[in-house]
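Asker: Here the protein sequences line up with chains A, B, C and D, keeping their order. Quick note, the first sequence lines up with residues 7 to 620 if you use the numbering used here. Quick note, the second sequence lines up with residues 7 to 620 if you use the numbering used here. Quick note, the third sequence lines up with residues 163 to 504 if you use the numbering used here. Quick note, the fourth sequence lines up with residues 163 to 504 if you use the numbering used here.
Quick caveat, the hints were computed from the structure, so don't treat them as lab data. Please read these numbers as outputs of a predicted model, since none were measured by experiment. Among the clues, some could well be false.
Not everything, but these chain C residues come out facing chain A in the computed CB check (under 10 angstroms) [stated by the list, open to error]:
#, residue
1, A242
2, A244
3, L256
4, F434
5, L475
6, H476
7, R486
8, E499
Heads up, simulated DSS-like pairs for lysine-lysine below, C-alpha to C-alpha not over 30 angstroms straight-line [said to hold, decoys possible]:
#, chain 1, residue 1, chain 2, residue 2
9, A, K11, A, K201
10, B, K521, B, K596
11, A, K500, B, K596
12, B, K166, B, K80
13, A, K166, A, K101
14, D, K484, D, K202
15, A, K123, A, K101
16, A, K132, A, K101
17, A, K604, B, K123
18, C, K493, C, K438
19, B, K123, C, K409
20, B, K507, B, K432
21, A, K201, D, K299
22, C, K299, B, K198
23, A, K617, B, K489
24, B, K596, A, K568
25, C, K202, B, K123
26, D, K313, A, K166
27, B, K604, C, K347
28, A, K398, A, K521
29, A, K519, A, K580
30, B, K580, A, K604
31, C, K313, D, K484
32, A, K519, A, K568
33, B, K519, B, K432
34, B, K580, A, K507
Every residue, glycine too, gets a C-beta built ideally from N, C-alpha and C.
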Amino acid sequence: MGTQKKKVVHLDAATVRFCGDSGDGMQLAGTQLTTTSAIVGNDVATFPDFPAEIRAPRGTLAGVSGFQIHFAAKEIYTPGDQVDALVAMNPAALKTNLEGLIPGGLLIVNTEAFDKKGLEQAHYAKNPLEDGSLDGYKLINVDMTKITREAVAELGLSQKEADRCRNFFAMGLVFWLYDRPLDPTLRYIEDKFGKRPEVAEANRKALKAGFHYGETTEAMPNQYIVDRAALPPGTYRSIIGNQAAAWGLIAASKLSGHEIFYGTYPITPASDILHELAKYKNFGVMTFQAEDEIAAVTSSIGAAFAGKMGVTGSSGPGIALKGEGLGLAVMLELPLIVINVQRGGPSTGLPTKTEQADLLQAMFGRNGECPMPILAAQSPVDCFYTVIEAWKIATRYMTPVFVLTDGYLANGSEPWQVPNVADLEKIEVKHPGPLSNGHAFEPYARDERLARPWALPGTPGLVHRVGGLEKQNITGNVCYDAKNHQDMVDLRAKKVADIAKELPPQTVEGADKGKLLVLSWGGTYGSCRTAVRQLLAQGEPIAHAHLRHMNPMPANLGDLLKRYDNVLIPELNKGQLRLLIRGEYMIDAKGFNKVQGKPFTVSELVEAFEKYLD
Amino acid sequence: MGTQKKKVVHLDAATVRFCGDSGDGMQLAGTQLTTTSAIVGNDVATFPDFPAEIRAPRGTLAGVSGFQIHFAAKEIYTPGDQVDALVAMNPAALKTNLEGLIPGGLLIVNTEAFDKKGLEQAHYAKNPLEDGSLDGYKLINVDMTKITREAVAELGLSQKEADRCRNFFAMGLVFWLYDRPLDPTLRYIEDKFGKRPEVAEANRKALKAGFHYGETTEAMPNQYIVDRAALPPGTYRSIIGNQAAAWGLIAASKLSGHEIFYGTYPITPASDILHELAKYKNFGVMTFQAEDEIAAVTSSIGAAFAGKMGVTGSSGPGIALKGEGLGLAVMLELPLIVINVQRGGPSTGLPTKTEQADLLQAMFGRNGECPMPILAAQSPVDCFYTVIEAWKIATRYMTPVFVLTDGYLANGSEPWQVPNVADLEKIEVKHPGPLSNGHAFEPYARDERLARPWALPGTPGLVHRVGGLEKQNITGNVCYDAKNHQDMVDLRAKKVADIAKELPPQTVEGADKGKLLVLSWGGTYGSCRTAVRQLLAQGEPIAHAHLRHMNPMPANLGDLLKRYDNVLIPELNKGQLRLLIRGEYMIDAKGFNKVQGKPFTVSELVEAFEKYLD
Amino acid sequence: MSTDALPALPVLKAADFASDQDVRWCPGCGDYSILAQMKKMLPSLGIPPHQIVFVSGIGCSSRFPYYMNTYGMHSIHGRAPAIATGVKVANPELSVWVITGDGDALSIGGNHLLHAIRRNLNMNIVLFNNQIYGLTKGQYSPTSPLGKVTKSTPFGSVDNPLSPLSVAIGAEATFVARSIDVNIKHLGETLRRAAEHRGTSFVEVYQNCNIFNDGAFSYLTDRDTKADTTLEVEHGKPMIFGKNRDKGIRLNGITPEVVELGKGISEDDLLFHDEKLEEPTLAYLLSRMRHPEFPVPIGVMRYVERPIFEERLHAQIDDAVKKRGEGDLNKLFQSGETWTVA
Amino acid sequence: MSTDALPALPVLKAADFASDQDVRWCPGCGDYSILAQMKKMLPSLGIPPHQIVFVSGIGCSSRFPYYMNTYGMHSIHGRAPAIATGVKVANPELSVWVITGDGDALSIGGNHLLHAIRRNLNMNIVLFNNQIYGLTKGQYSPTSPLGKVTKSTPFGSVDNPLSPLSVAIGAEATFVARSIDVNIKHLGETLRRAAEHRGTSFVEVYQNCNIFNDGAFSYLTDRDTKADTTLEVEHGKPMIFGKNRDKGIRLNGITPEVVELGKGISEDDLLFHDEKLEEPTLAYLLSRMRHPEFPVPIGVMRYVERPIFEERLHAQIDDAVKKRGEGDLNKLFQSGETWTVA
Ligand SMILES: Cc1ncc(C[n+]2csc(CCOP(=O)(O)OP(=O)(O)O)c2C)c(N)n1
Ligand SMILES: Cc1ncc(C[n+]2csc(CCOP(=O)(O)OP(=O)(O)O)c2C)c(N)n1
Ligand code: SF4
Ligand code: SF4
Ligand SMILES: [Mg+2]
Ligand SMILES: [Mg+2]
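Only chain A is shown next, with the shape it has when bound in the complex:
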């Protein structure tokens, strides 16, 4: 093709962001660039950024939707702090996203949208394309609307329909810029619009028009090439956090031979787990959209009592409503998984933003001494493995288990090396068989893990009653005895604490003792790992431990932490893990905290870590 007149520049990574109105299809543009980049062998990390739940009128600042993709010829863990190329479909998008563009970065705008109305809606007094305020960037003015309309003209679509193809034009342009193949997107168009040939054709034309525009325009002298990353060989796919959680449940269901009962009530950003699970009824998945979160958790408890795996997912306000039900689950000692896709709080807070401020709620948000194991996922893909481990713990120990993810993991995507199903460890689950010796069944008898038997209604000889009043050990009868209460409180605590015995020891990356240990948990893994690696590469005496088991914590954690002069805990909250670490291990851990509805940037972390290194 005619790229010969252009200079080709090789990069080891690039970050691009598409932004425009909610209606402009930016999420699709981002997803296509993601898949395509993954397919050509890059490592990829993404950060979709939706407007708040309410829909805003077209062109307004509130209505801006963005999608950031970081693709590289090396392993990466974050969607990137800043972007090399920004595609802005309208003034509002430019206004809210320009800050993320590196100085001198490539800025591609759809000039047509920069009319009086558009500028007003974005509260621009003057037109930024003309007032020189963008001189610090490589500004590329393209009238995408006009070119797209021309490209699809002969198909006789309405103007509205024609304009809907603009995002494909933008994709084509970016695809040329980074030398990406069009076929995955062409395949997508076929799948998606096959039934409406003229629409499919229009999108194809727009896509190619964009690509061609890149080739030919003088304004874009360079083309960039990001080579394939050296990833472990295997089959890969791109997967989103909530999807990974849903698939993890489905996998665990298969591996344990127990169906899923997913009782939930829609809430951002957890709803997609429901949407995803609802598709896979052929895996025997029962999804139940309950009347509220209380019914969601209690129906799941009922299902667990009847022998299915009860799973309930929600976010902040919904989790708050489940507290009483979870207390019951702890008392009944039934397996249950509670997924909290954390979002900005308190109260309704910032529904579409990410945060890590529900850890202490997971620990203590119930009346009485009411311990629950807690796991936290570290990346979109890790949501898959985390729910599988939660399933194991819930069934082995007969206990409800918390899984913490967050809005950033839930909507972010990354390439996933698809596991070989045969290699996935089976989950063994036992149920006592019929009893016919006339002896009363003992529903609160204990095995070596202090777990009680999971006896299924329908089994002859095992009839028994459970409930929320304190129960006598072994018999499970209601018991008001003082000593028994102490024993049961201690037993429930010990059962959860002893899970630590079966946990893998906490690992660290970097020096195994020294000046600074960074202790992170949950969705901040990627940025912390990247920041620490940068400093390690500079030979700094730093190490990184990422905590997955929030309760109980790995048995070796205390000793490990004591090996460092300083322990720094970066969290997207005001120091929740920090309180637990200090209280538990008497280690004067410091905190680096941010509560802005956004993930950490690598640069702010590096800066924070350096303070402890000189």
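Following the hints, put chains B, C and D with the ligands in place on chain A, whose structure we already have.
Answerer: What follows is chains B, C and D with the ligands alone, placed relative to chain A:
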């Protein structure tokens, strides 16, 4: 009177327990002895012990109800570890209560109840009155039933009615034993049964018969006298914890010129606050029995928005349900008082038993960073003063406030030196007046305490909207800005933390530095104080600090704790305050924990403290 | 000891449904009679105890499951219908019973009741209506009459009571009935028909709390008044009541009225009960009839068949398996865009 | 800027009720029309904006209060009726409006709705029924038709929808009405009557969500079908509908049927609407009439006066003050047994 033939023994304290079937009127007997003892000038502490919420068939172990009274010629803080005299109305009562009687103690039983059926229901193989198993006590067999029936014979009551007078006989007997006047009880009988003269007369006769029986029976050679305690001069009354909480609210309402809206849903052991408040409509108290705890807290929030003081009370499971609503209250920054009368948990747990295991729930039982001030009452009377302070904080800082009491405080009673109303400090509450300058009102403007204005619907010029989404400081508009979110999260935290600036410094009793500091909170005050005083009396290097402000804690607490070699935190939970102290102050505080639905005994505390003293 | 382990047993007896726990209701409580009738009725269903699950909330009534030699859960306040929904969806083979009180079902649990009923799962809900909160020792409930003086309303309650049956019909219940604790034959038969009905069966039982609300229903139970105060509705029969069966209910437009038989009014002029009507309007009308203006209807007011929630839900699953085959993880993982790194 | 600070204003205009916040519903959303009608209607009440409080839950519809230049609370999901109850009891002078959605009111908030209605506070509840969860981007709601395919029900929903009006009537609502977002005059008049009614006024408004459930009510709004698919009920008038007003509703026993006028059937044979009937049975019957078997009734189906919760509550307070005098702390502290230590 004919006491001359009897030996009179002077005691500086005595502990008596009445126990019998729920139907035997033991609570009344206890209350009468309490009031009477208080009236004669003793200091008094009581411990009623009800059967679990369900009613049990007559005579069964599950149906036993008890009431323990400790009265003394000195200041006392607990109902006593063991009893000097036990009155048992039936075998079941004897069986469940004997353990509490000191060796050689006085054991008065109603022989008539020890028939075959009664013994069976109590699972006695042999009659304990005859098998010598009670030789270790001063056993006094009285056929209370027969004597009572004879005493009331001429009144022609049904046998059932006659037997209902038995508790008055028992009272009379005990009143003689401890030389207590009958008139208060006679007055009570007149008030209570005035309308049914024959019943009143029967109770009078039974009471006197009991007293007379004491005088005359050979079986009781001694009469005991407990002199008046040296209490500060003033008018006294006996008050129960829940009643004190209700009266405190009524007082604060008067002192602040704002009516109470008490939105609640019945639950043991908190319901009596509702029952008490409902009586005082002439104080403008609005009680609202909501459909559930969620409506209870949210209706209270609505009332606070409209300008009344929103108050909501509950216990364990009910508090768990309020979490989401409390998050809203924190976001709205409206005054609200949440009373948690803690009971045995988790889940439904032990509804009628006491516990302190909801502290961390009060701290962290909400999604997001959601700080609330927390106060804990230390005695039945202190419930009065604690809710008044909560009211002050809630209105001054515009924040929901938690008040923690427990089942032991709620149902226990003690003498209260009635305050002079004129001496009670007024609570100043401001509301912005009408605005007519056409400027938009700023609902989230801040005063020197970071409190926002409490603007009342109905005021011209102040129309504004509030909600659970993150808001912009000053304007209160919905705001998704990252920086603003950080600022507001920090502001809400600082507002609560800075309350410490206005708190009285933490005080200690005993050495102001040294070997051991006992740090207690809430309802364990009495037993901890008594135990520490015992050891101080023995010259031990021990001190006691009792924490009332759980969040924020007094500014000087950290330094204070550091002055002692050891800090020991006794709690009726598994170490909740201990976690906070360790995490906050990096002090390796030790715990002494008991979770048995019962208060600490002084002796077990003394023993625990001694371990740190030698 | 759990006798359900003997499938040999030719027929079950009431005793086979009694657990080993001693019953802890106040002597004289109406709950005893309901428990007795339940145990007496269950054998007639031919379902072994281990196939039965009783789920309750919190309240005196909710202690019920402890006394049944079946599977059971004494859950948390108001949530029994939601828990039972999970049980039934998870294992449709089970015979599921919800036992609840007027506070448990209509105060804190109102929403779950509404939704369980509209979903029409094949289960049975028995509401013990004693018009009081028994377990918490006597506060008024959503069914207590206006002005009721209780611990929490010393000057009388100020909110209008709900009619459990009207609420159930508002949610379009497919089976709605009322009975009375002391009316043992009628109660047993009503429970039997509830069990036999496919779909959510809602039964309100007037139950005397002799401790905190004694005699709330005496006007319906006193020997000498009950014939004039109760209307026993039967499918296809005219609505006649009274000691001498000389009074009846007639429709005037859409409003019911009490008429004397004879004097030119014959049975045919009366309203005939039809529990199978498409629309629940008649059942609603019956649910509104209150003492003293009207005799209080007891019996089955509505009995229709409608598609059942858990059957539809599992039909979708079976259908998906038929169409796409048993779920296969490898297929799932490989679906959509994948690529290989060599 | 808050224009309500000018009591001088002789008459208020719709604009006086508009806040300074820009409205953030999707272009074309039915919510705009309801907002417009509310602002247009409010001046007719002669209540200044500062005496009005709008309380909402969570949902697109629940953003409503932000757009009104009155006091308002955008609270938490489903709790608006409970919050409004607190507001109204605390200050009965205020005009209180609850704005809610089909999910907010009938899913998570069902219980509070039920209890607000039975208590009959003097407030107004407007339910925006778009038969979908809009804000969470399109899951089915308790009013979505059976089999509805949504994000959460790719194979169609399996639960039977609730009728908001039937639920309200099940709780014995004193005012029940239905209108349609695009039916502006009818909507405005319905809101006006709701405001004028003393007691809890419940209004269901069919609202089009053009993003996630577009056209759900087109059969009621399409020019050419609406006359045959809607029945506008008016007090005292026979139930007639149809392009040529030639169809009517007749009662057959207790079951409604559609009849053609003429052919021996005259208006007098038809069912006449009576919004004031003692018993809600007629309103219930109307709430059951559904497309396509029946025309869908709109208008006020029930309008009766009953004692009002907050009035009774405050009457008890006033009464107590009258009988016992203003509460006096000293008297309280000294009440019952006291003693003095010298
Ligand atoms: C969340 C919660 N709130 C309140 C309570 C206290 N409580 C237990 S039972 C009950 C009401 C009982 O009344 P009802 O349901 O009519 O049952 P009954 O005792 O009359 O049979 C209440 C308020 C509780 N256990 N849990
Ligand atoms: C406790 C809680 N659960 C769930 C949510 C998520 N949520 C917000 S609005 C909504 C439903 C909206 O539907 P509807 O009430 O019909 O309002 P609409 O958006 O259709 O106007 C849900 C499930 C929430 N905000 N809070
Ligand atoms: S309190 Fe009433 S309902 Fe409860 S067991 Fe006793 S009599 Fe029965
Ligand atoms: S999503 Fe639907 S209901 Fe919500 S604003 Fe948009 S159109 Fe209206
Ligand atoms: Mg009841
Ligand atoms: Mg909706």
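Asker: So, for every hint listed, does it hold in this structure?
Answerer: Hints and how they fare:
Interface hint status for C:A242: upheld, as the beta-carbon distance to the closest one in chain A is roughly 9 angstroms, under 10 angstroms. A distance limit of 10 angstroms between C-beta atoms decides the matter here; for C:A244 the minimum to chain A is near 4 angstroms, and the interface restraint holds. At about 6 angstroms, the closest approach between the beta carbon of C:L256 and any beta carbon in chain A falls short of 10 angstroms, and the interface hint on this residue holds. This hint is violated: C:F434 has a C-beta 37 angstroms from the nearest C-beta of chain A, more than the 10 angstroms allowed.
With 10 angstroms as the threshold, the beta carbon of C:L475 comes within range of chain A, its nearest partner Cβ sitting at about 7 angstroms, so the hint holds. Among the interface hints, the one on C:H476 holds; its C-beta lies about 8 angstroms from the nearest C-beta in chain A, closer than the 10 angstroms criterion. Checking C:R486 against chain A by beta carbon gives a least distance of about 4 angstroms; that is within 10 angstroms, so the hint holds. Interface hint at C:E499: satisfied, since its Cβ lies 5 angstroms from the closest Cβ of chain A, which is below the 10 angstroms cut-off.
Proximity of A:K11 to A:K201 is assessed by CA-CA distance (about 39 angstroms); at most 30 angstroms being required, the pair is judged violated. Between B:K521 and B:K596 the alpha-carbon distance is near 13 angstroms, which keeps this suggested pair within the 30 angstroms criterion. At roughly 19 angstroms between alpha-carbon atoms, A:K500 and B:K596 fall within 30 angstroms of each other, so this suggested pair holds. For the suggested pair B:K166 and B:K80, the alpha carbons sit about 41 angstroms apart, so the restraint of at most 30 angstroms is broken.
With a CA separation close to 25 angstroms, the supplied pair A:K166 and A:K101 stays within the 30 angstroms bound. Our distance criterion of 30 angstroms between C-alpha atoms is broken by D:K484 and D:K202, whose separation comes to about 43 angstroms. Between A:K123 and A:K101 the alpha-carbon distance is near 15 angstroms, which keeps this suggested pair within the 30 angstroms criterion. Between the alpha carbons of A:K132 and A:K101 the distance comes to roughly 12 angstroms, so the proposed pair stays at or under 30 angstroms and holds.
Among the hinted pairs, A:K604 with B:K123 is inconsistent with the structure: their alpha-carbon atoms are about 71 angstroms apart, more than 30 angstroms. Distance check on the hinted pair: C:K493 and C:K438 sit about 49 angstroms apart at the alpha-carbon level, beyond 30 angstroms; violated. For the proposed pair B:K123 and C:K409, the alpha carbon gap of about 51 angstroms is over 30 angstroms, so the pair is violated. With a C-alpha separation of about 20 angstroms, the suggested pair B:K507 and B:K432 falls inside the 30 angstroms cut-off, and the hint holds.
Between A:K201 and D:K299 the CA atoms are separated by roughly 25 angstroms; this keeps the pair inside 30 angstroms, and the hint holds. Between the alpha carbons of C:K299 and B:K198 the distance comes to roughly 20 angstroms, so the proposed pair stays at or under 30 angstroms and holds. Straight-line distance between C-alpha atoms of A:K617 and B:K489 comes to about 23 angstroms, which keeps the hinted pair within the 30 angstroms bound. Of the supplied pair hints, the one linking B:K596 and A:K568 holds, its CA atoms being roughly 20 angstroms apart against a limit of 30 angstroms.
Our distance criterion of 30 angstroms between C-alpha atoms is met by C:K202 and B:K123, whose separation comes to about 28 angstroms. Taking the CA atoms of D:K313 and A:K166, the gap is near 25 angstroms; set against the 30 angstroms cutoff, the hint holds. About 47 angstroms separates the Cα atoms of B:K604 and C:K347, which puts this hinted pair outside 30 angstroms; it is violated. Using a Cα cut-off of 30 angstroms, the hinted pair A:K398 and A:K521 is violated, with the two alpha carbons roughly 37 angstroms apart.
Note on A:K519 and A:K580: the hinted pairing holds, with a Cα-Cα distance of about 27 angstroms set against a maximum of 30 angstroms. About 36 angstroms separates the Cα atoms of B:K580 and A:K604, which puts this hinted pair outside 30 angstroms; it is violated. Distance restraint check for C:K313 and D:K484: the Cα-Cα separation of roughly 22 angstroms lies within the 30 angstroms cut-off, and the hinted pair is therefore satisfied. For the proposed pair A:K519 and A:K568, the alpha carbon gap of about 9 angstroms is at most 30 angstroms, so the pair holds.
For the hint pairing B:K519 with B:K432, the CA-to-CA distance comes to about 37 angstroms; that exceeds 30 angstroms, so the pair is violated. Taken as a hint, the B:K580 and A:K507 pair is honoured in the structure, with Cα atoms around 21 angstroms apart against an allowance of 30 angstroms.
In the structure shown, a violation is registered for the earlier hints numbered 4, 9, 12, 14, 17, 18, 19, 27, 28, 30, 33, in ascending order.
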